[in-house]
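Protein chains in written order, with this note's numbering: chain H, 4 to 361; chain C, 4 to 361; chain D, 4 to 361; chain Y, 4 to 361; chain P, 4 to 361.
Since the list can't tell identical chains apart, any single copy or any two copies may satisfy a pair.
Okay, derived cross-link-like pairs now, DSBU-like style, lysine-lysine, Cα gap no bigger than 35 Å in a straight line:
1. 129 x 233
2. 197 x 359
3. 216 x 201
4. 85 x 33
5. 358 x 219
6. 225 x 358
I should point out that these hints are in silico values taken from the structure, not numbers from a laboratory. If you're wondering where the values come from, they're calculated on a predicted model, not measured in any experiment.
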Amino acid sequence: MKFNKSKRSVRRPKAAGLPPGTLVHIGEKKAETIRITVMDYDEQGFQEKQVASIEECFPFKQTPTVTWINIDGLHRVDIIEKLGEQFDLHPLILEDILNTEQRPKLEDFDKYIFIVLKMLSYDDQKQTVQAEQVSLVLGSNFVISFQERVGDVFDEVRDRIRNAKGRIRKMGPDYLAYALLDAVVDNYFTVLEKFGEKIEAAEEELVANPTEKTLKQIHLVKRELLSVRKSVWPLRELISALQRGESGLIQETTGIYLRDMYDHTIQVIDTVESFRDMVSGMLDIYLSSISNKMNAVMKVLTIIATIFIPLTFIAGVYGMNFKYMPELQWRWGYGLILVVMGIVAVIMLFYFRKKKWL
Amino acid sequence: MKFNKSKRSVRRPKAAGLPPGTLVHIGEKKAETIRITVMDYDEQGFQEKQVASIEECFPFKQTPTVTWINIDGLHRVDIIEKLGEQFDLHPLILEDILNTEQRPKLEDFDKYIFIVLKMLSYDDQKQTVQAEQVSLVLGSNFVISFQERVGDVFDEVRDRIRNAKGRIRKMGPDYLAYALLDAVVDNYFTVLEKFGEKIEAAEEELVANPTEKTLKQIHLVKRELLSVRKSVWPLRELISALQRGESGLIQETTGIYLRDMYDHTIQVIDTVESFRDMVSGMLDIYLSSISNKMNAVMKVLTIIATIFIPLTFIAGVYGMNFKYMPELQWRWGYGLILVVMGIVAVIMLFYFRKKKWL
Amino acid sequence: MKFNKSKRSVRRPKAAGLPPGTLVHIGEKKAETIRITVMDYDEQGFQEKQVASIEECFPFKQTPTVTWINIDGLHRVDIIEKLGEQFDLHPLILEDILNTEQRPKLEDFDKYIFIVLKMLSYDDQKQTVQAEQVSLVLGSNFVISFQERVGDVFDEVRDRIRNAKGRIRKMGPDYLAYALLDAVVDNYFTVLEKFGEKIEAAEEELVANPTEKTLKQIHLVKRELLSVRKSVWPLRELISALQRGESGLIQETTGIYLRDMYDHTIQVIDTVESFRDMVSGMLDIYLSSISNKMNAVMKVLTIIATIFIPLTFIAGVYGMNFKYMPELQWRWGYGLILVVMGIVAVIMLFYFRKKKWL
Amino acid sequence: MKFNKSKRSVRRPKAAGLPPGTLVHIGEKKAETIRITVMDYDEQGFQEKQVASIEECFPFKQTPTVTWINIDGLHRVDIIEKLGEQFDLHPLILEDILNTEQRPKLEDFDKYIFIVLKMLSYDDQKQTVQAEQVSLVLGSNFVISFQERVGDVFDEVRDRIRNAKGRIRKMGPDYLAYALLDAVVDNYFTVLEKFGEKIEAAEEELVANPTEKTLKQIHLVKRELLSVRKSVWPLRELISALQRGESGLIQETTGIYLRDMYDHTIQVIDTVESFRDMVSGMLDIYLSSISNKMNAVMKVLTIIATIFIPLTFIAGVYGMNFKYMPELQWRWGYGLILVVMGIVAVIMLFYFRKKKWL
Amino acid sequence: MKFNKSKRSVRRPKAAGLPPGTLVHIGEKKAETIRITVMDYDEQGFQEKQVASIEECFPFKQTPTVTWINIDGLHRVDIIEKLGEQFDLHPLILEDILNTEQRPKLEDFDKYIFIVLKMLSYDDQKQTVQAEQVSLVLGSNFVISFQERVGDVFDEVRDRIRNAKGRIRKMGPDYLAYALLDAVVDNYFTVLEKFGEKIEAAEEELVANPTEKTLKQIHLVKRELLSVRKSVWPLRELISALQRGESGLIQETTGIYLRDMYDHTIQVIDTVESFRDMVSGMLDIYLSSISNKMNAVMKVLTIIATIFIPLTFIAGVYGMNFKYMPELQWRWGYGLILVVMGIVAVIMLFYFRKKKWL
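Bound-form chain H, shown alone (with noise of 0.2 Å):
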């Protein structure tokens, strides 16, 4: 049985013993080269581009236009540096989107607003739940979002600002915010869906032919449950917070819509809450299915048992080896002891049958 690596659960907030504020990756190095793309857009047009230095971005901040800078790869701290002194980002923000292991939190700062959640992903072959690190800053005239890899989530985001699909193009930086959060949590059903479909496999197995390794999976998909929600249980105040409009950087118009994917992390909490309750109903079916399997076993072996113990018996008295046993003499002894034994084995299966014990 091989469990999650436990080490994973201490998520240190920082390298312990440097000051606050101070710049380091924490975390593992999950892509090779770092990748910055730009998205420039307003109503009447947008322009796109992948940039190998970001000091190109920086011209963007001035326009007037909706600017979306996205950053894949964490690993290059200076990039994030020269980003966050160009934003005015404060040195812990920039600590938090380095360092891998946050919490989902949103914090306000007058200016900009700083997102972290988790993005989830099923690993087929591993057969495990991956979570990814994504970090949004929103500001006045663009969001800022990091990705711990280049993946496609973003992808259907940047074919609606393309194509001016929707009412992206004519909506503001906050409604880009909510279309990448929403993605993301569009993304949990995908992930949802495969839990789904594991815990159904397990079910059928454990209907079928339940073994000591149906019960290590179910724990498994209990424990992968656990962190799950772990990822997903602060993101509700997160939306809720976003939702409740403190920030003059949420128009009124978006609002409705951070009150719909409310809805939606709401239904994500609600399925994962009850994947627990049918895992763990799971295991208790685990339990008396094999107990019940056990005990028929014991039952039925014992009746055999001790159905041949006083057979076994009868035939040992008259093993004995006495001088004078009249019966041993008797012509039809050996006839009647076993019409003897014979009946004593039905009367037994009756009882037992009459006790419902076959």
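Let chain H serve as the given structure and place chains C, D, Y and P on it in line with the hints.
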């Protein structure tokens, strides 16, 4: 053992990857055709007709009378869309109406209130509870209701309008909305009664002859209760929000009716919780009764075996072929040994009885 | 094993499908006839009479004195209806009075306060707790009380009015309502004492001779406690609401009495919770004592069997019919083998004792 | 097994059926005579005397100095009544003082604050915790305290007054009330230490030799903790209410001492909760250790039996009386069969060892 | 099995029976000598010295620079007392500093803030977590810190002051207090990592070879987690109170750092809760794996026994000494009966395999 499809538990709030507000019908197509009916009434009179195209309903929007448009069947996206345009409904609302995997909720747009809830029905054949989504839009002079299929729960309300029974014709659209919600909540009691009968049947089986099938049945009931609970719990908050009367659309005179309905909802929740308590009590009884039964079997059988083991040993001793075994030559050796065996058996039985093992 | 009818748990709030406010008596008809009594008093004097028709009560409504109308028996809908009209009670209130499946609750209409609660009584014969619904309407100069059958819980209050005992004659209708509620709450202690005795009896049985019957009894007590709890918990909030004194109908001087009653209610709830704790502790003890008993049986029996098995084997060896078995010819072979058997038995017993299995 | 009398759990708040405010002493009569002591002090001096009749205390009421009247023993209703009249205490307060089955609580009448709490003591002989009720009335220049019997917990406070130790003589009656409460809370730690020792002893027994007696002891400790908990939990809210300092009777300078005491109360509660955790952990260990022990017995015994069963079969085969059994005639048949038996036994032992069953 | 001394759980807040504010050192004496160090700094420069007598620190109180007095070792009551006098600390604060059994807490006296918390360290030899109490007093221009023994957790902060690393020299005493708290919280992660390793080791043992020792280890870890939890939970509220910034002593610029630390605290709590979940999952696995193992033993052994019992019976039958047993005389009787026995054995094996008991 067959569980409800767990796939159901992953409720997709929308087709993933589409921009919010895209109208797609999500869920099973439960009705073949769409039926649209309109009722228009005030204290003086009423008008009722079934219309072929949704446009026929629009004139009623202008009248000062209360208009109730009911739509059974959700698979015709274009109809919903036209209705939405005409009544100025937000695209996200339309999306929610079309997606039958919503969690019960209330959203208050100043001009109208949007309510989603679940209608439960007990399928006697499949012996399972079915949930159908009902959406309501309450405006200043209209109520629009959406059902997944043609049903008869609202017939009683229609009757009251036709016959001016009760106060419904004297009240506004808020009372109509209340009447419709009330019909749904009332219906829960019918479903819960069926549940009660099912639990009672399982209980009787549990007492008479608990088998593994009983266990599975109990687990099924438990799981169904979980899903009923999920439909019912959010209702509490929903009706409470309505009743607090913060919306201008709810007249004060309707408040008391809502409070009454709130009490009924609490009662539904109470009943569901009691059922859950009863079911888990039944699980405990099942487990301990199975183990008691097993213990009883084991005990009696082991006692039988234990009595005969020493006797068989004695018989074995006198079955040995030693040349010099004086007892074997005794005239009454055989009789004596039978008596000794009898005494041993009686002593053991006495001991067992004294220890209360018999 | 006989459970309380689970059907009881589905409390219909009204006849399904009827418009709200339709008056139908729901519940068992517990009384044959309806008895209506009126008491009218102030500090100077009092008047008491049993009336045949409800109309005789109406004149008292005008007097400035405190009027208490008590109605035992709920099956005469017309009486309730007339009373409701005269005292201007909302139809939903009347519906609630007639439906004896209410949850305890308080509703504050400015002109009057409506209270529903449960009176518990212990049926010594059936050994179960019975719940009866009591409704109170407290107006500016009157209290109307409704019971399901003629009872004697309020007799003590009547006595105090007749004899001007305590301060009841000096106080207003709010104090009368308090006195009636207090009589009901007081009565809970009597029921709980019976419960305490029942639990104690079950405990003694548990210690002396735990059988499956004990288990079922414990489960029954547990279930009854659940239902008592449901009657008692809402009371807490109810009295707390009364005591906060937001209604103009409650005098400040009555406040302290309500606070006192609130404490009593907390005590009732505490006691019920303690009982629940005790009962579940008893279940644990039962289960472990049953399993200990089983273990003891199995252990001793298995030990007996195990000692004899090797001995029987030795006897078997010398029962073989090989032609050349030198020991069989020895003069003291038989004695020797008996000694060997004895030694084997003693060694095994020593081993078992050393291992503390004996 | 002897449980605490469960009857105790039903705490009657008053003699049922009496009007509120009727003075009756409820509870065990724990003291033979009533002892009344008065201390009167200010920064300059102090006066202390034991009085025979309560009237001797009344003159102190007028003095501006702090007056502390302590009454040990509650069965003389008339004394309490006179005191109540003199100090203008509400009849319900007197009722509460006399009824020793109160839940700890605080009631703030503007002119005075009434506090009920439980003093715990550990009875070394009966090995149980005893609860005694202490009531305090704090007025603008007096404190009246009531105990069920003569105790020594307050002696230390008396000492401090006599010797002007600490700041007690410089402070008002609120500080005196604090000092008395503090003495009671301090005393809890002594009781909890005893509890700690008891739990430790049970733990050691659990490790050394767990018997059914250990189980019952653990259950008893668990139940006692429940009752200690009931005395302690309400204290938290009580002291918190005092400390919020809404009453004009509490000086600001006393506030910090109350906050300190509040911390102590939290510590008491924490300790009780830890004990509960420890005890339920012990129950788990007990159960699994009993079942481990049983398993060990069963395993070894079954192994012994299983080895001998095939051997006995072999012996049985050669005990058969067939005329033609060639092996029986072999010269070395007997030796051979013994060797075969030995080999079978060794193989089985090897198999068991390989399977780690030995 | 050795539990942590449960005595530890009873934390005496003070020497019972002493007036509040009496200074007594409660707890183990962990250091031999007391070490007092002073650091005094501002942006321009810093001064650091180890002083022999506490009086040498007092001059720094007047300077506008930030002064940090650190005291390692608490057994010299006189030193604490002098310090208290000089810095005008409330006697209860001094009592709390000296008593090392405090619960983490924050008290806000307008002139200074008093903070108590627990420093955890993992003792590799004893394999247990040690808690040491750290107290902080934050004034307008000074911080005083108290530790139970000389430690190195604060060295890193000293370093930052010496080398003007980070912003510490530019900020006030509130930032210093933050830095010290942060050092303690950071340290928790180190301890939790050790815990993680311990749990992982226990898990591996659980998988490889679960013994009763594993069980006890799991229980120990569970209990230690409980005590870590008690140190960590109150921290949440403590830091939250600091961060809300109601005190004038906390600068706004420090607020964001406190918020950051708050997140870390939540992470610590989350990790502890995960560990608890993991440990209780391990307990479940242990129990079911032990019972599975037992079942496997019982099953195989019982099957062996059951196969031989009928065979032994057959052998017994032909071991009987009846005079007339025709089979005994048959030429191939012996061979035939061996064949019959073989067939019976094979049939039983087939049956067992069909039933999946093998």
